[in-house]
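All chains, full assembly: derive it from the sequences and hints.
If you read the sequences in order, they're chains A and B.
The numbering of the first sequence is my numbering, which starts it at 229 and goes up by one.
The numbering of the second sequence is my numbering, which starts it at 14 and goes up by one.
The reader is advised that the hints may include incorrect statements.
Unchecked claim - Lysine to aspartate or glutamate pairs mimicking EDC-like chemistry, simulated, CA-CA at most 20 Å apart: (1) Lys378(A) <-> Asp402(A); (2) Lys265(B) <-> Asp253(A); (3) Lys195(B) <-> Glu150(B); (4) Lys265(B) <-> Glu607(A); (5) Lys132(B) <-> Asp172(B); (6) Lys345(A) <-> Asp443(A); (7) Lys446(A) <-> Asp489(A); (8) Lys555(A) <-> Glu283(B); (9) Lys555(A) <-> Glu150(B); (10) Lys530(A) <-> Asp19(B); (11) Lys578(A) <-> Asp253(A); (12) Lys555(A) <-> Glu579(A); (13) Lys333(A) <-> Asp417(A); (14) Lys608(A) <-> Glu283(B); (15) Lys530(A) <-> Asp302(A); (16) Lys195(B) <-> Asp214(B); (17) Lys530(A) <-> Asp20(B); (18) Lys608(A) <-> Glu537(A); (19) Lys39(B) <-> Asp54(B); (20) Lys555(A) <-> Asp504(A); (21) Lys195(B) <-> Glu140(B); (22) Lys58(B) <-> Asp172(B); (23) Lys429(A) <-> Asp302(A); (24) Lys608(A) <-> Glu341(B).
Bear in mind the hints are in silico, worked out from the structure with no lab data behind them.
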Amino acid sequence: MSDVDTYRAKARAWLQSMAPIYGRDARRGLSEVEDLALARRYQRAKFDAGYAGINWPTAVGGQGLSHLEKVTFDTEEMSFGMPSVYFGISLGMPVPILIRFCEDKAWMRERVIAALKGEEIWCQLFSEPAGGSDLAGLRTRAEQDGNGWKLNGQKVWTSWAQYSDYGVIVARTDPTVPKHKGLTYFWVDMRAPGVTVRPIKLAGGDSHVNEVFFDDVKLTDAQRMSPVGGGFAVAMATLMIERYVATDSAGFGPPLDLFVDLARTCSLYGRPALEDARIRSTIARNYAMRAGLESITTRAMKMMQAGMEPGAEGSLNKLVAVRSRQKLSEMAIDLQGNLGLHFDPHAFVKEDWTASWINAPTGRIAGGADEMLLNTIAEKILGLPQDYRPDKGVPFNQIPA
Amino acid sequence: MSILYDDGQQAIATESRRVLDARMDKDRLLKLLEQQGAWDDIFWKTAVEQGWTALALPEAYGGLGLGLVELGLVAQACGAATAGAPFLTVGDGAAQAVLAAGGDDLKASLLPALASGEKLATVAFAEGNAPLPSLPEARFANGVLTGGKPGVVAGLRADVALVWANHAGQPALVLADLTAAKRTAIDSFDNSRLYADLGFDQVPATLLVDGAPALSLAQTILARMAVVTAHEQTGGAEALLFIARDYANTRKAFGQPIGGFQSVKHRIAELYGLVELARANCIHAAASDGSPDFLKAAAAARLSATEAYDTTARDTVQIHGGIGVTWEAGLHLHMRRARSLAIEQGNMFFWEDLLVSELTGVAA
Ligand SMILES: Cc1cc2nc3c(=O)[nH]c(=O)nc-3n(C[C@H](O)[C@H](O)[C@H](O)COP(=O)(O)OP(=O)(O)OC[C@H]3O[C@@H](n4cnc5c(N)ncnc54)[C@H](O)[C@@H]3O)c2cc1C
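Laid out in structure tokens, this is it:
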């Protein structure tokens, strides 16, 4: 067995031992508050067992291993339905960026360890009503205020802001220069006076995203994590961390086997649905798509193992997998006919087709909409021209609103 | 069981691409489209000289002892160049069947001749529109074959054929001597594939295997050829992706390169996705040769490579506007090849159903 296989086996055994306490079945019927409390205990258990901050430096409480072990663990973890979702953003982006860009190392270390233990949660305050895909179009202002800064404006779609202790934020510090150049990156205390969080109910019924309002919120200059005007580069660095996340050829929806199981129980015109050409074609195409993505992922892991940078084709994962999941979920509902009208808003998306279907659109928007992913593939991988951008080079305050 | 190519494999990929770039000529290929019974002899000589006919045969029979991964890489280079006299894929298929089920004498007499390119072999499984009928109508008895096979690739020229036949009510694989067969040329949209309807009237043949083991071997051989073809399709699809990209970067309309229009740009990005999925499935399938999952892996490669090649052909022509539909621009070489390769080694219905039967245990 290679080192990674040994690591995988060990991680799997540990996860299996934890599953009865924290896994999908243990979480059934819990309220979100109860689930979050369970999640914090699970995160603490991970920390104690050496599965938190797997690829982070030991100096900040991590395990000092590589991306490979981290992706391996996350991939194994995915099938158990553990409550890791509340920390996904926190430990995925804001906290790693804090490690890299926070000047006050002692304070940083305290925060990182608290986050790794599940005691504190960080959110990512990038998107705004005026700028989602067009991140640099954001309008939240940070103005110099004595030795520090004063923050005013609104963020939106902030995942888990309602439970967050801190956040990382990009704000405009100079509206007189072109949009990318006038941004600065800070961390912010979510409990500071002037911060208001309002949950947004999503189509599927849950409210894990929020609007966040900033009304004369005071920041010290020590909260600044980029040079003044250099915030866009740190924002890009934040998003680049995503290159090393665990992927799921099911698009974070149900596995294909579940569709086959469903088809096995259904008939069409008195014949088993599995004999129907449309169902067979759907299964075959889905299998081929998933097998392709899994092969891409396997090779990416092997490249990491060999100390190489994984190939650009890894960027296809979310684009291809999530929209396929969306269609397959529709098909699964169709297959059940009138029996497919039932809806349980608390069902898990990985085991319920209706929950998977109603929540699928968020996956095609969050973390880069499909169209932006296509732009990135076209421009960065294939060298096709950038879109025409009328706001290019124009001072931000002269761009028509 | 996906792999990273090792240095030797990468060298084969680079070298085969280099050789073909130097020797292939679009005008030569265009001429072949309007001739019957002619194939690209310059390509075929190149293939023999480069040892591609010997690549996947054991050294004991004059081969190079390499495997499906290497053969796939050569096929990919051939696909990119729309090269490929038809013999490479089916020649290997027939040779592998003989290797697996032939007697020692047959192996010793035939395999070295196939490895050296001196003899050409093909595979004739299909009847009607069924790529692998459960019980074929072509009959084998007393050392001779009767009946026929439609649309056999390389059928106009091959010396021997691996034939899917009925032996006393059981399916069987037999090796037929085509010198005695009747060959009727098909006027096809891809003439250099040398398609022919084969007629067997007491044609001498050798039984390799019959009954259930024959079905299992026929499926494995078909899957193997499907994997080689999937590489060829992926090579063609990737070549088209780059042709589309380069054209979109240079052709201007409304004051900008057409690649600046998102409907064009996104279309090309989608093609990239199809090509990479096909490539990934090809690598996985080639590396799964001999594993219990081989049929599934081959089916996935076949389905995604066919989709990739057909779609890149369709969209690349579209992105070229009027020039794309001219004879001279030659994009139709790919369009034609995308369709001929989609049929050879079994159409999509067949592979979808085979895959689902493997996955669920339920037949269509
Ligand atoms: C569940 C969920 C969780 C989220 N969590 C967070 C979070 O924690 N923190 C955070 O900062 N943000 C978060 N987001 C926000 C997310 O990043 C944005 O929603 C996303 O970037 C899209 O921005 P938008 O909603 O403003 O849509 P828009 O940018 O307005 O896009 C609308 C449509 O226009 C298309 N479009 C936009 N620009 C182009 C272009 N150049 N070419 C072609 N099409 C274009 C888009 O693809 C989309 O289809 C979350 C979103 C969701 C749904």
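Verification of the hints:
Between Lys378(A) and Asp402(A) the alpha-carbon distance is near 13 Å, which keeps this suggested pair within the 20 Å criterion. Between Lys265(B) and Asp253(A) the CA atoms are separated by roughly 59 Å; this puts the pair beyond 20 Å, and the hint is violated. Using a Cα cut-off of 20 Å, the hinted pair Lys195(B) and Glu150(B) holds, with the two alpha carbons roughly 17 Å apart. Under the criterion of a C-alpha separation no larger than 20 Å, the hint pairing Lys265(B) with Glu607(A) is consistent with the structure, at around 17 Å.
For the hint pairing Lys132(B) with Asp172(B), the CA-to-CA distance comes to about 6 Å; that is within 20 Å, so the pair holds. Of the supplied pair hints, the one linking Lys345(A) and Asp443(A) is violated, its CA atoms being roughly 31 Å apart against a limit of 20 Å. The straight-line distance between the Cα atoms of Lys446(A) and Asp489(A) is roughly 56 Å, outside the 20 Å bound, and the hint therefore fails. Taking the CA atoms of Lys555(A) and Glu283(B), the gap is near 17 Å; set against the 20 Å cutoff, the hint holds.
Taking the CA atoms of Lys555(A) and Glu150(B), the gap is about 41 Å. The hint is violated against a cut of 20 Å. Distance hint between Lys530(A) and Asp19(B) is fulfilled; the C-alpha atoms sit about 12 Å from each other, no more than 20 Å. At roughly 13 Å between alpha-carbon atoms, Lys578(A) and Asp253(A) fall within 20 Å of each other, so this suggested pair holds. For the suggested pair Lys555(A) and Glu579(A), the alpha carbons sit about 16 Å apart, so the restraint of at most 20 Å is met.
At most 20 Å may separate the alpha-carbon atoms for a hinted pair to count; Lys333(A) and Asp417(A) meet this at roughly 17 Å. A distance of roughly 14 Å separates the Cα atoms of Lys608(A) and Glu283(B); the hinted pair therefore holds under the 20 Å criterion. Under the criterion of a C-alpha separation no larger than 20 Å, the hint pairing Lys530(A) with Asp302(A) is consistent with the structure, at around 16 Å. The straight-line distance between the Cα atoms of Lys195(B) and Asp214(B) is roughly 8 Å, inside the 20 Å bound, and the hint therefore holds.
Among the hinted pairs, Lys530(A) with Asp20(B) is consistent with the structure: their alpha-carbon atoms are about 15 Å apart, no more than 20 Å. Taking the CA atoms of Lys608(A) and Glu537(A), the gap is about 16 Å. The hint holds against a cut of 20 Å. Of the pairs offered as hints, the one joining Lys39(B) and Asp54(B) holds, with about 14 Å between alpha carbons and a cut-off of 20 Å not exceeded. Straight-line distance between C-alpha atoms of Lys555(A) and Asp504(A) comes to about 18 Å, which keeps the hinted pair within the 20 Å bound.
Only pairs whose Cα atoms come within 20 Å are accepted, and Lys195(B) paired with Glu140(B) is accepted, the gap being roughly 16 Å. A threshold of 20 Å between alpha carbons decides the hint, and for Lys58(B) with Asp172(B) the separation of about 17 Å falls inside it, so the pair holds. Distance hint between Lys429(A) and Asp302(A) is unfulfilled; the C-alpha atoms sit about 28 Å from each other, more than 20 Å. For the hint pairing Lys608(A) with Glu341(B), the CA-to-CA distance comes to about 32 Å; that exceeds 20 Å, so the pair is violated.
Consistency with the previously given hints fails for numbers 2, 6, 7, 9, 23 and 24, ordered from lowest to highest.
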